[in-house]
Each structure stands twice: as C-alpha cells, then as structure tokens.
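Number of protein chains: 4
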Amino acid sequence: MKKRIAIIGASGYSGAELLKILLRHPQVTVSAVFANASAGKRVDELYPSFRAQSDLVYETYSPERTADADLVFIALPSGEAMKYVPQLLDAGRRVIDLGGDFRLQDASLYTKYYKHDHLAADYLPQAVYGLPEWNAAAIASAQLIANPGCYVTSALLPLLPLLKEGLIQPNGITISSLSGVSGAGRSSSVDLSFTEVNESVKAYKVGVHQHTPEIETVLHTFGGVPSTVTFVPHLIPITRGIYSTIVVQPATAVTSERIADVYAAHYASAPFVRTIGAAVPEIKHVQQTNYCDIGWKVYERNGQIILHSVIDNLVKGAAGQAVQNMNLMFGFDETTAL
Amino acid sequence: MKKRIAIIGASGYSGAELLKILLRHPQVTVSAVFANASAGKRVDELYPSFRAQSDLVYETYSPERTADADLVFIALPSGEAMKYVPQLLDAGRRVIDLGGDFRLQDASLYTKYYKHDHLAADYLPQAVYGLPEWNAAAIASAQLIANPGCYVTSALLPLLPLLKEGLIQPNGITISSLSGVSGAGRSSSVDLSFTEVNESVKAYKVGVHQHTPEIETVLHTFGGVPSTVTFVPHLIPITRGIYSTIVVQPATAVTSERIADVYAAHYASAPFVRTIGAAVPEIKHVQQTNYCDIGWKVYERNGQIILHSVIDNLVKGAAGQAVQNMNLMFGFDETTAL
Amino acid sequence: MKKRIAIIGASGYSGAELLKILLRHPQVTVSAVFANASAGKRVDELYPSFRAQSDLVYETYSPERTADADLVFIALPSGEAMKYVPQLLDAGRRVIDLGGDFRLQDASLYTKYYKHDHLAADYLPQAVYGLPEWNAAAIASAQLIANPGCYVTSALLPLLPLLKEGLIQPNGITISSLSGVSGAGRSSSVDLSFTEVNESVKAYKVGVHQHTPEIETVLHTFGGVPSTVTFVPHLIPITRGIYSTIVVQPATAVTSERIADVYAAHYASAPFVRTIGAAVPEIKHVQQTNYCDIGWKVYERNGQIILHSVIDNLVKGAAGQAVQNMNLMFGFDETTAL
Amino acid sequence: MKKRIAIIGASGYSGAELLKILLRHPQVTVSAVFANASAGKRVDELYPSFRAQSDLVYETYSPERTADADLVFIALPSGEAMKYVPQLLDAGRRVIDLGGDFRLQDASLYTKYYKHDHLAADYLPQAVYGLPEWNAAAIASAQLIANPGCYVTSALLPLLPLLKEGLIQPNGITISSLSGVSGAGRSSSVDLSFTEVNESVKAYKVGVHQHTPEIETVLHTFGGVPSTVTFVPHLIPITRGIYSTIVVQPATAVTSERIADVYAAHYASAPFVRTIGAAVPEIKHVQQTNYCDIGWKVYERNGQIILHSVIDNLVKGAAGQAVQNMNLMFGFDETTAL
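Residue numbers (my numbering), protein chains in the order written: chain A, 225 to 562; chain B, 225 to 562; chain C, 225 to 562; chain D, 225 to 562.
Quick caveat, the hints were computed from the structure, so don't treat them as lab data. Here a beta-carbon is modelled for each residue, glycine too, at the ideal position from N, C-alpha and C. Do not rely on the hints blindly, as some may be mistaken.
[Unchecked claim] Here are the simulated distance ranges between beta carbons:
#	chain 1	residue 1	chain 2	residue 2	range
1	A	341	C	266	51 to 59 angstroms
2	A	284	B	449	34 to 42 angstroms
3	A	251	C	341	50 to 58 angstroms
4	D	364	A	479	45 to 53 angstroms
5	C	364	B	444	36 to 44 angstroms
6	C	501	B	226	52 to 60 angstroms
7	C	364	A	263	44 to 52 angstroms
8	A	284	B	332	38 to 46 angstroms
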C-alpha cells in the first residue's frame, strides 16, 4: 500500500521538483497539492513539463485534505511554514519543511536574520535537522524534519568531517558560494529577470544571509565545537547549481591523504556524497542529481585547505534531500527515486 | 551651442541606452530625464554603469521642464506617448517617439493590435516614419518622428529594396524572428525571469504581434505595393539582438548577384547597413552597434529567396536609430555618437 | 536474462546520453563501450557525472567484443558507421545507427549532402527508418535501424499527419529550426566555443544541410507524396533542445480543430507526442525527456498553418529515440527507461 | 601627426579588442597588424564586427614592418612575447606587452608557474609594470611596459591602498575570482565549448595559477610589504568580466569609513576606479568599459574585511589598460578612446 503524500506550496520551483521526484517514486502517491494562488489550475498548466505525467490540480489549503496524508511536505517561503506546522503536528501528521522555519533552535536568530519573529517557537525543539549523512537515526523516527538550506548543505558536507576530527580550526572559515537563479524561487522581480542576471555576477546579503547562522549552528551540533564562518553568496547566470569554495586553516599539519581518509570514513556508506580528491568538482556533474561532489587541496605554500563542493540546489539542496529524508522516515531504500 | 534634449521615460532599457548614446554626443546636452516611478533617484542609482558618467536625477514629468528643449525623446510603453505628444507638439517641441503610438496611420489598428483605442488620432498624420535609409528628407524637417519597431527594422531593411524593385512577390512573405529579452523592457515578470528564459525558446504572439501591421504598412508605403506577411517572433536566451530569417517568393527568376546590385543601389550611402551576400549574419557582429547586417541566398531547388538580418534591438532597433533620426533633424553628421 | 548491449562511439554526447539511459534500463546491461580515442579511460573520467554510476572503461573497437551483444548502438560521426555496419550485420548483430549513414536510400545524396561517397550502399535497402510513431511494426523486426536526425524528428512529427491526410500542400514548406549546441557534438572548435556562441545566433548550412533530403525522403515515404522543403537551421546559445517553426500552405480551408483531430487520430497511442493546440511549445518543457510537443495555429489572415515543435536533441532527437526503438525491437514496453 | 601603432598577435580576443579601441582613438593610426596563422586575411574576415570599420589585413610578422612604429603592442600567448621583445627594444621601439612575459622580475618564477624558462631574462629589469593608478610616472617614460594580468588587476586595485596604509595583514589574504570565458582566449578546446561551460562552474589551477606570483610581487612592490595570497580562479558561463571577492584580516580595528577615506585618498584622481562602499559591484556595470568598481564591508562578527571588485577582463584587464598606458606614454589624456 503506497504512502499518501501532500505538498503545501507545490507551485514554486522546489515544490515542482519535489512533485517530479515523487511522481516517479514507486512507493508513494501524491494525494494533494496545495498552492493558494494557483488553486484550480492543473499542475501542467503552471508547469507544462508535467503534461501527460500528472492530472493533479492545485488546491487551496484545507486541513481536512491533509488528514489522510502519511507525510506532508511544506515548500513555502520562510515565515509561512510556521503557520501550518503546529496544527499538522498536533493532528499527528509527519512533516518535512523545505524552508528555514525550523532549522534554527534559537528563536532570536529568526528575528535577526529572517527579519520576523518566530510564531511557533514552542515547536522548534521537536524539529530534527534533515541532513541524512549526519542524522539518519533521528530522521528515521522524526515527526518534524527541518530540511537543510541549499547553501548550507554545500558547506556542511565538506566541513563537518574535518571539523569533527579536529583537522581544521573552527574559526576563520571563509565560504564563497555561487548559486544559480532558481535558488531565489519562482518570483517576479526585475533583479531576477534574464536581462539583469545574464552576463553578470553579484554578491548579495554579504555577512547577513540567513544561512550563516544555520551553517554555524549545525557545525556546532555535529562538528562538536562552536565555530564562526564568513559566508559570501553570489548570484551567477545559471539556472541550477551551487558551487562552494571554502578556505580553512588547518589545526595541525594536514595532508591531502589524511583528508581523503577522514572523508572515506565518514561517507563510506553515504550514497550521495562523492569525494574526488584533487579533481575539481563542476556543477554540471551533479545537475539534476542528488549528489554532492567534494574536492580538496592542501595549499603547499601556507597549509590552508581549499575545499570545493557542488550540488544541484533544487535536488540535494531542496527536494531531493527532502525525499531522501522521506525514504529514511518510511524505511525505504535511501536512494529510491533519486 | 549644444542642443538641449529631454527624455520622457528615461528609466527603461531603451531610455537608458538613449541616455548612454547622448552622453557621448558632442553636440547635445541632456537637460532633463523624466521617469515618474523613479523620480528623485539618480540615474546611476538605477543604472550603476552611469557612475562617474552622469549626475542626472530622474524627475516627475512637468511641461515646464521641457519648455527649453530642442528635442524631446519619448521612451514609454505603448499607449503612453499619445498622452504627451499633443501638448508637446502644440507647444512647438520636436519629438521622437521610440514607442509604437504614432507608427500606424490607421487608428483602428491600435484597437486591434495594441488592445486600446488611440487617444490622439488627430496627430497621426503629422508623424513621420523614422527609417532613415528610406525617409531621410522627411525626417530632416519633421516635428514628430515615429521611431520604427525593433522587429520591424530588421524586416524592412532587407525586404524593401527587393519589393520596390519588383524582385519578390508581395504576398507569402514569412518572417521568423528571434529576439533577446531586453526587447521586452525592464519589467518584473515570472515569464522573463532568468530561470524561465534560460535554456529555452518560445514563440509568442504568433500572428497577432503588433509589429505585423507596422511591417505591412511600411512595406506598402516605401515598397509601393500592398503586401501581407506571416510574422512569428520568438524569445531566446540572449540579452540583446534580433535575428530575422525571411523567406520570400521571387517575382521572376532572380540571381544572388541581382539582389546584391539592388542592395548596393539602395544602400550605397547608408552608413549603417552592411550587405554581406552569401555570408550569414550573426548577432554578435552588430551587438552594441547601430548596424544592420543583411545576408541572402537564392535557394537553388525552388528559387525562394532566404534573407537574414541582424540588429541590436536596443540600438538600431530603438535608441541608436532614434539618435540617427535626431542627427538628421539637426543637420548633424548622421553617424555622430553611433 | 538481460539483453547485452554494446555501444560504438560511446564518448560523444549522444553516446553518453545513451549510456545514461541504458544504465537505468532494468532489462539491459551494457557489455562494452567503444571509443578509440579514449580507450583505456573510465567513462567517469570523460564524464564525471557517471561517478558511482558505472565502472565501464572505453575500449578500442574489436569485433570479438561485440560477438555476444544482442544489440549494437553506433553513435559515430557521419561516414563512420558505414565502416562497421556490414561486418556487424553479416555477423548477425542487430544494429541501431544514431548517425546519418543509413537514413537515405539514394546513395547519391550522400555524395551531394554529406560530401563523401557511401561505402556500404548495398546495405541501404536493409535499413529501417527508426521513427517509432510511424514505423513501429518494421522497427520491431528490423536488423538495422537508421535512427532519425534530430532536426528531422522535430519536422516530421508535426508534418506527417497533415501531409498524409491531405490537409497541406506538399511544396512550399518552410522550416526554421533552432538548435542547442550539443547537436554539434563534443568537439573542439573555435566556432563552438562559449565566447563565440553566447549572446549570438547564426543560421548555417542554409539550403545545404544534410537533414534536408532526409526530411523530404521520409515525408514522401510516410506522407505518401513527394514534397520539397526549405530548411534553415540556426545555432542558438542553449545546450540542449530544438525548436522548429514550420509554415505550410493549406491544401483546402483548414481549421485548428481539424488539425487537432488529425493529430489525435495519429498520435492517440504515441506515448511521446504531446499535441497542445494553440498553446505554444517551449524547449524547457521537454528538456531531458523523450517528448515531442507540438502546437499549431491557422493564421486567420492568409490561411497558412504555423506549426511549432520542440524536442531535446539528445533524447528524442538521438539517444532517447534510439532506446525507444530498442524497446520495440526487444518487445519491451516502449517507454521503459524513458 | 598621428602616432603609428603596430600590433603583434592581433587575431586573439585581446588583440581584437585593442584594435577596436585604437580605431576610435583620434591620435593614433594602426599601421600594421600581425597574426601569422591568419596572414592574408582581412581583420573583418576573422571579426566581421569590423566590417566597414577597417580595411586592415593580417600580416606575417616582419621586423621591417615595425620599423616606423611609434609603439608596438604584443598580444600573444605567454612565452611568445619574449621572442620579439629583445629585437624590438634593441631597435628602439617602445613596447607594451599584454601577456605575462615581463611582469615578474624573478625569472625562476616563469619556470615554476608558466612551465617554461625565460628566454630574455636580461630584459626583465627594463620592464615597467603597467598599472597606471600606481605607476604612472614610470609608465610615462618607459620603453617596455608589462601590462598587468586580468585577475591581477582586479585583486591589486582593492588591496594595494589597504596594504600600503597598514590597514590589513599581509598574509592570510584569500582571493576567490570568477572569470568569463574570453579570458581563456580564442581557442579551440572541448573544455571551452559552449556545451561544457554553459550551466556549470569550475575552479581551475587552484593554488598554481600564474597570476598568483604576479599578485604577490606587485603587492610587495607597491604595497611595501611581502605578502602571500591564496588565489582560487573559477570559470563561469559569461563571456566577459571578472568578479573578485577578497577576504582579508584587519591589522587593527578598521571601520568602513576609514577604508573609504583611504580609497578616496589613493584614487581621487584615478579616472577608472569607482569606489562604491557598501554597494556591491556587479559585472554588468563595467562590461565594455575600462572601469574597476570596488565595494567593501567590515564583517561585524569577526572584523574581517570583505572586498569585491569587478572589471571587464578584455578592457581594464587587458586592451583598455594597455591603451591607458599608451596614453600616458604619449602624453595624451589618460581617458582618450576609453
């Protein structure tokens, strides 16, 4: 018997990617897709690539229509999921939130970085951080999953093993990340128009991006030590993909082989992490996939470690990782449909 | 003494391109830039490429501020210029309208193609069509210039000599045009966002684009015979440029050399038309310039003539052509600042 | 027991796309990948997206290594397959050639359009044209499949039903097609470099492209009447996809509904053709899929029919269609792995 | 009387950009363009954008044809200029080398970073580093100018004032730079093909790029202290432009205002440096111009200084800066033709 899945916020890019993955998943069926602004439209009207793939119709959200769902995904802009989660949890639903509303435990950080207060701070302690490579056991039994941010995933996967094993210093970490435009969501904005983005690059939210505290929080949680990072995101003219170049200070003299060993130990059974040593990752190698490719180099002249990681922001950075979490929650093979 | 120039609608892409050209023109000075929604902002706030180039500040439109202008450019969306032109003409101003409001003489076509009635139909007869290669004398003495549409320019320049000389049949002309996204203006729209446009192509307004009647009208005016065209515009993922591939039926057997002769005769003294024969034009060869490159081929198997033309939609397709018209109106060298 | 598959020419884009599809096909196993210039390299060295997906290593071609193959795909540049096919057929192998070497029956057309003589003209009569929507029965039992050209597929699928039912005139068909750069193959050429292609468009091989006779030949074969087409291919700055805009003359007065009925009748059971009426296809809706989307419009002013079709050139235009053919040859579900 | 200019290596992108600028320069005339592989071709055959702009024809290099040149530009791949410079200098010519052959004073660095020995090491001491904002006086009287590297220019202009004034620590400087593809030159390479570059990003030459020692050398020369940098270049899918994000450690507590003051002091009379404070530079704001835009931020949480700079790699990063140097050498206005 297939699991029944509902999606709240199914009309954005993450929601559409999620639907695409779930439609090819043999063990689930999508029972409802909610999108208030598009209610009444077929999903293939908004996303014609679904023609002949799905007859689903967007609905206005109603709690009754989630009552029989085995799992509810939420793919809404930040600040919205917190309006739905309490009711869903109280009703016994299991929830995976693709947004940022339950990723941080310190509610004051929402006020500072998301520019709005948290409306459901009481529920934060229940949230399980959905990074499968580091939290699989908790994910399997969780009722509420906070699916990691896209930039955050690209930063955590290369950093965590090195930090946890004490190879690198916890401070002085600089992360320069490049994101495709789909990361900004399906929105009407002059700034995201083709003419403005094409043939250009810009940094944005330098030092104030909301993924900064998320990176630091999770580095502490799973890496075991508090750390601070300087995170600089850039918008580049590609549709999908994140490229992170990370420079860290070694804690002691470290060799490339030692790094390889640490990664091998941590990611030996992680199906979606590919560690490639001195080879340099490229976004195209992971596009449309759930992989994170990680490369590294110890810079001979000053001992610094240069890490590169790439993901598809809509897959491993959002919908793919969410389905990976779902697979763990239902006891399915972790890679199904991915 | 420099001519004083005002621009109404200076905050869009055509207006900004116009300002860029005028700032390097040695014989004019820009006295006022109007843009109601951006009033009070410096032009380099909206377009930082103007930093250190201009201290101009956008203003709310007021008739008094155009009173001392030797020429007023209007670069507004269709339907807007007709609100300003009567007052400007009545006050004695010379005007170049970059939009479509005065390109058609038959007011009913506005209702059909632009989806609104014409509010200043009495002024249509005064409008001089601003295609310098075909109308230079009238342009020189005009008070009101209707600057041609971007697609239209790319279609007219290759077609007119052949039509006028009777080399081609006036019906059965098919025009397949590809446009960069800047042609849609500076607007916030999901459809024009990078994510939607990149790695895709779509035709749009097939058979109903407002440039269709303009092409037909001007082919009749300067080509001497009524004609009908099938015009299919496409949006492609580039910022600037139009590529038109035109297939026409020969009126009699025609050789490539005969076409070359006709073009040479018509464009010998046209500084911005480059006729290149069997070479195929490419958009990059004209980007950021006021050139129109035209190539052609007689298809040996059926005698059809295949024409290709390329322009930069913001230059020869808008602001550059407008300045070319201004140069003629003021008796300047036609190529100044271009 | 899985079918054993060999690929000759596995290092190009079509070969790599083919491998990607076959690796997810549950009923086949890839037994050998041949690529002389890359022999000895792992496939994930040339295409790192195959990391953790395949341990295959490119080999120098040897007939013995195809002896146990149930099917051999050939994905070589034109003129190369004809060197392998006779030996393979004589040895009893079934072959699908993704190139052009066996698509035309008239060997003289190779000399004219491919600029080299055909070295295996005796084998041309055995070739079955691999357009599944029109030739499924013959494909199922074929020993040698000529997989259609990418442009050709995009032109045939919209044209054939209309031609066969007598709705359109067989001459005066103009096809303006736009192709992504992957269609030119994996090659080192200044003309295909990012800097040359980006922000530009060019037509090429106007009137002399080798897909012209293929379109005409197949229109005759399946459409029932000889026809001539004017085919103008353009290179545009996208990686994958073909957009074809086709203008045809109606044979008699035709309505949009009549066209819809004809398409419905012909493609009711075609899993990869989506007919969308007045909606306009977009490349992004079919990218990474085996679909062909077809839209149409009867132009009210002159009765011409304007057709639009889109495919992914590497999937429905090459590797996907080849696997669709393979599925038919082996009696698998036509859509498996697609 | 106009100065006579020869260009050796005029067929690459830098050479073509240089020719474009020189053709609009009122005080010079281009007397010869050398390009051995394209000898006999018109420049507008290789670069059709020069149609109607220039009748120049590429020539095979010969010393006699430079005998009457007032200045010789060399725009050849690294390792080539060193074959021409000795003879030119000995003959009394003034030379601006756009390549790297005379930028480093320590000949052993060529062996290490450029992978070939220096053939004209005796001439290195004569070379004047052509960064006009820091070396104008020496440039004015130089016989041989080493025009700075593109990445180097983008790194030096923001770093030098801060280093010289002691605001930042000389070590621990990390530079993450993104370059458009034209920076790799006009070359045929699968790696630079549109299909490989589009929709992707990759770092390359991490820690071993030849611009690393150039940055360090010039930081020492003009900044006054030895420093080491970690430089990570990335290739991104744009044609023109470099974006550098630089993270540095403050020497003491530094405010954003103090940085602004230092920049103002150093660049008050530099016509091509625009310092924009907390605004973030974007590549499109400097494309096709000789500007370098610099933005900065002091990161409140750890005191690090984050610098951003943008240039057009072919203009301020190559040909434009070369003409700026030429203007200084001839006593022209520094901004002429730029």
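Outcome of the hint check:
no. : hint                              : in the structure
1   : A/341 - C/266: 51 to 59 angstroms : holds (53 angstroms)
2   : A/284 - B/449: 34 to 42 angstroms : violated (57 angstroms)
3   : A/251 - C/341: 50 to 58 angstroms : holds (56 angstroms)
4   : D/364 - A/479: 45 to 53 angstroms : holds (50 angstroms)
5   : C/364 - B/444: 36 to 44 angstroms : violated (57 angstroms)
6   : C/501 - B/226: 52 to 60 angstroms : holds (57 angstroms)
7   : C/364 - A/263: 44 to 52 angstroms : holds (46 angstroms)
8   : A/284 - B/332: 38 to 46 angstroms : holds (43 angstroms)
Checked against the numbered hints given earlier, this structure breaks hints 2, 5; the rest are met.
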